[in-house]
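Chemist: Each chain is listed here by its residues.
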Amino acid sequence: MERKTLVLGVIGADVHAVGNRILDYAFTQAGFKVINIGVLASQEEFIRAAIETAASVIMVSSLYGHGELDCRGLREKCQESGIGDILLYVGGNLVVGKQEFNKVEKRFLEMGFNRVYPPGTMPEVAIEDLRKDLGL
Amino acid sequence: MERKTLVLGVIGADVHAVGNRILDYAFTQAGFKVINIGVLASQEEFIRAAIETAASVIMVSSLYGHGELDCRGLREKCQESGIGDILLYVGGNLVVGKQEFNKVEKRFLEMGFNRVYPPGTMPEVAIEDLRKDLGL
Amino acid sequence: MDLANRTIDPEEFFRQRQEVLNQWTTGKDVDFEEAVAYHKSLPQSKVFGHKLAEGKAKGITFAQPRAGVALLNEHLELLRFLEEEGEADFLPTTIDSYTRQNRYAEAQTGIDESRMVGRSMLNGFPAVNHGVAACRRLIEHLKVPVQVRHGTPDARLLAEITLAGGFTAYEGGGISYNIPYAKEVSIENTIKYWQYVDRLVGMYEEKGVSINREPFGPLTGTLVPPSVSHGVAVIEGILAVAQGVRSLTLGYGQCGNLLQDVAAIRTLPLLAAEYLNKLGYSDFDITTVFHQWMGGFPQDEAKAYGVISWGAAAAALGKATKVIVKSPHEAFGIPTKEANAAGLRTTKQILNMLKDQSLPMTEDLALEEKMIMEETRAILDRTLDLGEGDIAVGTVRAFQAGVIDVPFAPSRYNAGRILPARDSQGAVRILDFGNLPFHEDIKEFHRERIALRGRDEGRDPSFQMVIDDIYAIGKGMLVGRPKI
Amino acid sequence: MDLANRTIDPEEFFRQRQEVLNQWTTGKDVDFEEAVAYHKSLPQSKVFGHKLAEGKAKGITFAQPRAGVALLNEHLELLRFLEEEGEADFLPTTIDSYTRQNRYAEAQTGIDESRMVGRSMLNGFPAVNHGVAACRRLIEHLKVPVQVRHGTPDARLLAEITLAGGFTAYEGGGISYNIPYAKEVSIENTIKYWQYVDRLVGMYEEKGVSINREPFGPLTGTLVPPSVSHGVAVIEGILAVAQGVRSLTLGYGQCGNLLQDVAAIRTLPLLAAEYLNKLGYSDFDITTVFHQWMGGFPQDEAKAYGVISWGAAAAALGKATKVIVKSPHEAFGIPTKEANAAGLRTTKQILNMLKDQSLPMTEDLALEEKMIMEETRAILDRTLDLGEGDIAVGTVRAFQAGVIDVPFAPSRYNAGRILPARDSQGAVRILDFGNLPFHEDIKEFHRERIALRGRDEGRDPSFQMVIDDIYAIGKGMLVGRPKI
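Protein chains in written order, with the working numbering: chain A, 1336 to 1471; chain B, 1336 to 1471; chain C, 10 to 493; chain D, 10 to 493.
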């Protein structure tokens, strides 16, 4: 079986490192090649890593509430960089405060993300979606 | 100063004795003559005690949620017994569950009570009302 | 008096039974042999005593709510909600106050009015009026074991109907469902009523059907010294086992001081086993139940969650077999099902976090345990003396003499002479001993602790201190300090 | 390296100051002498260190929330709400994440967008952008003392502005606001940045103005062994006092096992005083802060109240001077003001009920204290050795060598080699020691405890055990047991 590559990171000024370590472990265990760019990652760092490793998916975490500001324009930047079709997943506490998730999800889907996950999602959910979206 | 007499009791099938003991103590300390008929008191026992002691007020407690069933018709029975003008106070957890107090109060005022107290009222509140209503 | 602590004569039992089953029309549907067969058809997962014994072996604490409404469908819906959304380990059926006073006609009015106005006008489920088949419908639609919880001095008919209805646990006792729940009923009578209930349970046990029995531990729920409630619990345990009860859950209501509460829940089964063995009984299994704070609650829900959590923590650290849970609506009386389930989930969270932890033995904890053991033994030994060896007779005389004395009880058969108050750490001590048969050493210990508090507060111990303690929790405090 | 643990040379300080105050336009409004006068005009009731010292003397525990939004009026409204409805003893001003990275232009975008969309687009209050006068408006409209809480590796400008703005307490430190909050910033640099902040506080102190300093205790907030966070707290305390800080609050994040948590909060000030004295410092006042559970929270609010309550109980029983409070919305990030106030009231209820109680000393508690003391001393002694007596130099080398090693930290200046896991009672132990300078006896103790858990669960200790522990509380458990 082909080993697909994922770029994993925590976007913006966010320093939440615990979940990042766990996702890295879980995705690696599930058979993916994980390029982990860690916390405090800019949009440019995600894209650069994705191009360099020919990744199939960019997986963005945001735990600190600024996700909306930080993620805007990521799809457009991907298009400009020639990887416009790459899968974009995002998850975490994406907005400030407890908001209805379906509204949050809608906002991020409109921004060009393929999958949006609420707080507390287990890695297994994303792994299943990855397999589906990548035809594994 | 004239010492006014109060009949104090817990109506119906209610056995909550702690508050009854405290009210007895507080009203007595405040200078009233307290005729305490205790828990499990019927409407008839309240009225009989009020007539026998020429009481100015009947003070009904109900802590167990059946207050609405137990208090119905008390004003009418007082009228039939010739003490139709006696002051009727009631307080406690008067209905089953957490309901808006102003609706509960309205229901009991319509039943002929002069004062209705919500859960957690301190004795001092009732003592002040007693002084006002009795012109002390 | 013709009272005695011995198995009811079968002839006498069946004479009473005729009378009891005729007290209300639903009594005619009780058929003991058929009920035994029905119980045997139930899976073990629905048998209260079985699950309690499992939990005790594993050292975990289960959570159980209180709940009951007037109508069958609504009551079933409520219990299913608590099972699903509240993650309840055990379920209750709380009985309404009219049924508790055997006023079945008034309960019927309550049922009818509830149907009319579309909300429960009763504070519980009137199981006698609903009858055997309705009870079985509950048991069949619920996954976990269900207990009858009430406060009924004469609960013979209620027991006949609910046990035939498939309930596998029954709360109450001749003292604990009299003294805090009645004004004019003699202890002699209620002990007899409850010997009947215990004998009925014994008959089920003899047929191989497990019915758990639980004396009501907290009594008046307000500043009851542990030795007083322990004395009553042990007596009711003895009275029950004497009639053939085997699965026994003894209860204690949280006082609020962690050390005293843990000491109390740990000593309770030891004392019961000690006196049961002493009187020659050996065929019993004792588990414990810890009641979260039974006194006044803060009206604010966030604060109520704090009180609930502290009760859950004490239950877990004391390794009680189960804990009876309050809701964030407690200050307003009966909770919505959502609030009830929320109290359960808060409790479960604490129980799960603490299930691997316990309070280690310390000098202070050992002292609390020693005091509770000595005081309880003093009460029980004097009670046995007064009864010339018969605990039933002794109990009646002990209440007459004030040797057993429950604070703030409505019953005129209770002396009502003792006065409890908290010490500076919030433990419940005794300010006025009445006729409690305590040695001078014990009394000196209590006096010293209360005197220390008096010094802390710059006032002499008095009834005002007691009142302050009763109001304290509603104001967020354990000890009722004077305003500064 | 030109780093050393000695008072910054005044010339160097004023050289840096020019630079710092020019980092953003609001820096020009800082006037030190005028700020000193402003502080002296504040009533003592608004001075953080003063109230802390009072509480410490009385043996009570205060409650403080986290809170911050983008706009001034909304932030003030939020804090007033927490003061009134939450009964907060201390207030915070939590700073947004852009400001923490010194990205003031992005913070400005966040302010502007927040104005436009009518809700806070920032996770805190961007105090640098708002400037000195805005800060003073907060202080003037609030009754209780207010602290700056953030997570800023280079917090020099933020300190200049907020302290001139009347804040009387400032969280952070060169290690605790670097290792968990930055990826690429060297420890040498952040120690220097924080020596500047501490020196600034020292200058206020020399003018008779009390500014409390609080290193951030919980670090990454996830399974941090107490000796690791204690080591960091003591070092930051020394670095602060060396610059003239006097009012010092040392912190610890709840691990979840009551004995370990109480042992930790009790030993923290002892260890700090021991090393401060050893290095020749004597003019300081140490208080403690206990952080309620910093790891994942259950999404269910009722369960979250349980976690909050358990943190409050541990803080009270450990006699921490203050406790930092979580909200029932914790699993979703930043709470509404109502949820924040509810978490406070739950906490206050527990603190009030437990204020007269403490956990008595026991063999188990003494053992936990002994382990924490020995482990922390091992880390500190080796750090001092590595620095040839200089704690600042030693710290840089200790991180290089993995002698200090924080689990799950984002910083590449942290070795990241140790692996913690819970034992069967939920206490945090160490599975892989990396280069922690522990004696074989200490290591054997940890290995034994974790091996016991492995036996309980029928599996070998591994990273999966660690992951299970991280997810556990979200699922209601403390110890992450495998599914059965």
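Derived from the structure by calculation, the hints contain no laboratory data. Owing to the predicted nature of the structure, the values given are computational and were not obtained by experimental measurement. Be aware that one or more of the hints could be misleading.
[As the list claims (entries may be wrong)] Partial list, derived from the structure: chain D residues whose beta carbon lies under 10 angstroms from chain C: (1) Leu-279; (2) Glu-310; (3) Thr-345; (4) Lys-346; (5) Ala-350; (6) Ile-359; (7) Leu-363; (8) Leu-487.
Even for Gly, the Cβ is constructed at its ideal location relative to N, Cα and C.
Chemist: Each hint needs a verdict: does it hold in this structure or not?
Modeler: Right, here's what the structure says about each hint:
1. Leu-279: violated, 20 angstroms
2. Glu-310: holds, 7 angstroms
3. Thr-345: violated, 13 angstroms
4. Lys-346: violated, 13 angstroms
5. Ala-350: Given a least distance of 7 angstroms, the restraint on Ala-350 of chain D holds.
6. Ile-359: Interface hint status for Ile-359 of chain D: holds (5 angstroms vs cutoff 10 angstroms).
7. Leu-363: holds, 8 angstroms
8. Leu-487: holds, 5 angstroms
Hint violations for this structure: numbers 1, 3, 4, all remaining hints satisfied.
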